[in-house]
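Could you build the full structure based on these sequences and the hints that come with them?
Letter by letter, the chains look like this.
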Amino acid sequence: MLIINDISKTFNPGTVNEKTALSHLSLTVNDGDFISIIGSNGAGKSTLFNAIAGSFMTDEGRIVLDGVDITMTPEHVRARSIGRLFQDPQKGTAPDMSIEENLALAAGSGGWLSRLSRRERSDLRERVAVLGMGLEDRMSSPVGLLSGGQRQALALLMATINPPKLLLLDEHTAALDPATSEKVGELTDKIVATNRLTCLMITHNLTSALQQGNRTLMMEGGRIILDISGSKRDGMVVDDLLEMFKTEAGHKLDNDRILLAR
Amino acid sequence: MLPLFQTALELGLISSLTVLALFLSYSMLNVCDLSTDGCFTLGAAVGAVVAISGHPYLSVIAAMVAGVASGFITAFLQTRMGVDSLLAGIIMNTALYSVNIGIMGGSSLLNMNRTDTIFTKLSDLLSGINLTGFEKLVISGVAAVIVAAFLYLFLKTKIGLAIRATGNNPDMVRSSSVNPVMTTIVGLCVSNAFTALSGCLLAQSQKSVNIDIGSGMVTVALASLLIGSTFIRSRRIGFRIIGTVLGAFIFRLVYTIALRFNMPAYMLKLVSSVIVIIAISGPYLKSRYPEFARRLEKKRC
Chain A
1 MLIINDISKT FNPGTVNEKT ALSHLSLTVN DGDFISIIGS NGAGKSTLFN AIAGSFMTDE
61 GRIVLDGVDI TMTPEHVRAR SIGRLFQDPQ KGTAPDMSIE ENLALAAGSG GWLSRLSRRE
121 RSDLRERVAV LGMGLEDRMS SPVGLLSGGQ RQALALLMAT INPPKLLLLD EHTAALDPAT
181 SEKVGELTDK IVATNRLTCL MITHNLTSAL QQGNRTLMME GGRIILDISG SKRDGMVVDD
241 LLEMFKTEAG HKLDNDRILL AR
Chain B
1001 MLPLFQTALE LGLISSLTVL ALFLSYSMLN VCDLSTDGCF TLGAAVGAVV AISGHPYLSV
1061 IAAMVAGVAS GFITAFLQTR MGVDSLLAGI IMNTALYSVN IGIMGGSSLL NMNRTDTIFT
1121 KLSDLLSGIN LTGFEKLVIS GVAAVIVAAF LYLFLKTKIG LAIRATGNNP DMVRSSSVNP
1181 VMTTIVGLCV SNAFTALSGC LLAQSQKSVN IDIGSGMVTV ALASLLIGST FIRSRRIGFR
1241 IIGTVLGAFI FRLVYTIALR FNMPAYMLKL VSSVIVIIAI SGPYLKSRYP EFARRLEKKR
1301 C
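Just so you know, the protein sequences line up as chains A and B, in that order. Position 204, counted from 1, in the first sequence is what the working numbering calls 204; the numbers after and before it change by one each time, with no gaps. Residues are numbered in the working numbering as their position in the second sequence, beginning at 1, plus a constant of 1000.
Since the hints were made in silico from the structure, they are not lab data. Positions of the beta carbon are idealized from the N, C-alpha and C atoms, including for glycine. Hints should not be assumed to be uniformly reliable.
As the list claims (entries may be wrong) - Residues on chain A that point at chain B, a partial pick, calculated with CB under 8 angstroms:
1) 60
2) 61
3) 72
4) 75
5) 93
6) 106
7) 113
8) 114
9) 115
10) 118
11) 148
12) 158
13) 178
What follows is the structure, given as structure tokens:
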């Protein structure tokens, strides 16, 4: 369970570029929740993820993951329990290293001086085969030679190879072509379901925001302005969502990608 | 011709240790470690002082430990103290100049003509089996093989993979729960140990150290590294390591031959600088050429 209590973050305080990216935001994520997050450009969606993952420390508030206060824990330590995927497929993998080496680093079993054993190798191969992309036969080729979709699928596998307590997906299919995007989306659902992962997903696709997962959040001005789940969410269509946003935020949803995607 | 070849091989193998160090820091960790010159001299100075005090074997270990310490400080400056990585190397280099003279007891030159070094020890041994004169080749060869093999195995361990990933994609390292500060520190400690070993062996093989022994070493080593990578274009770590050692040897061989054709010895550093410039800016200029050609065409019209 993730409890975010009253966090705020202001960038460049005291300058002309001062920007309040998160403003007294609170959120409780229950185990097994699959939450989709939508919002305008600059609403603070990615900033929220950065705060949870520890890319920066928040100015105030507390973040507690499974009973452990991680508010001031450095990013690489949080990464042990938080998996993360970015929109840019290049961010999640090391291009000059092989598929196997990337996975070995993510799996992180054994001590610092340990090397991959034969058994670990075949284990990794089996895990890659699950992706259904034929990558299991290219274990020693460098990741830089893979397509964006393959790299993102691999990054997804790396982020979940040790099932994390929390998985953060930041528009991870947005940079892919439609067919690949769908394939990676399906893989995500499959991996989240088999490992019963708790998951937050930023998306610009309002349809999938309502269809995927069990709960939808809307963000605006560094706050969560809508939190819908259960029976209220079940009957909703995209237009309801847009109407609700307008009522809550006082203006129309302003996200070029969302509007283009409709 | 044969003695010429042997000298080039010996010097090439000794300097290949520095080139392997740069392979780790420059090619793998993506840090341009400009403290290399100072660290090379540090290894030479520490090795000489310990050998002169009567411990030929310990001198090699002492030099490497000094290298680790130097690498640690350089890495600490750039990861924990907010000093830019190039600047950290330059500052360390300057600081090491004083440190090195201090280690050599205030003098800028130490003589080891009558000192027991690992080379004289082996020479004594080899004279029993009629192989006198090969001690430099044996020691530099064994050192290069050990360091190359160590590097090969090291880069396949988990820490080795983490170091490679740090140079390749720091974002990914952080999200795979590895601390890039730690990998940078470990990487520079190991690479500087090799650099210092290289300096120690060069000083002991030529039986003297002066404070300038390491000057320009980073450029010479980079030149060798880049020569090696043009000869062996594999992406596999093992081949790249072999290419690195090969590059160091080819560089020395060409240099030795050039000396034979009356190139003055002081040209070494100019030549290595030109090689580095060509190797680095060549691919860049090549990528800019189409644009350049179009502009030229437009001008003509």
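To see whether the hints hold, each was checked on the structure:
{"no.": "1", "hint": "60", "verdict": "24 angstroms, violated"}
{"no.": "2", "hint": "61", "verdict": "22 angstroms, violated"}
{"no.": "3", "hint": "72", "verdict": "15 angstroms, violated"}
{"no.": "4", "hint": "75", "verdict": "5 angstroms, holds"}
{"no.": "5", "hint": "93", "verdict": "6 angstroms, holds"}
{"no.": "6", "hint": "106", "verdict": "5 angstroms, holds"}
{"no.": "7", "hint": "113", "verdict": "5 angstroms, holds"}
{"no.": "8", "hint": "114", "verdict": "6 angstroms, holds"}
{"no.": "9", "hint": "115", "verdict": "5 angstroms, holds"}
{"no.": "10", "hint": "118", "verdict": "14 angstroms, violated"}
{"no.": "11", "hint": "148", "verdict": "15 angstroms, violated"}
{"no.": "12", "hint": "158", "verdict": "7 angstroms, holds"}
{"no.": "13", "hint": "178", "verdict": "26 angstroms, violated"}
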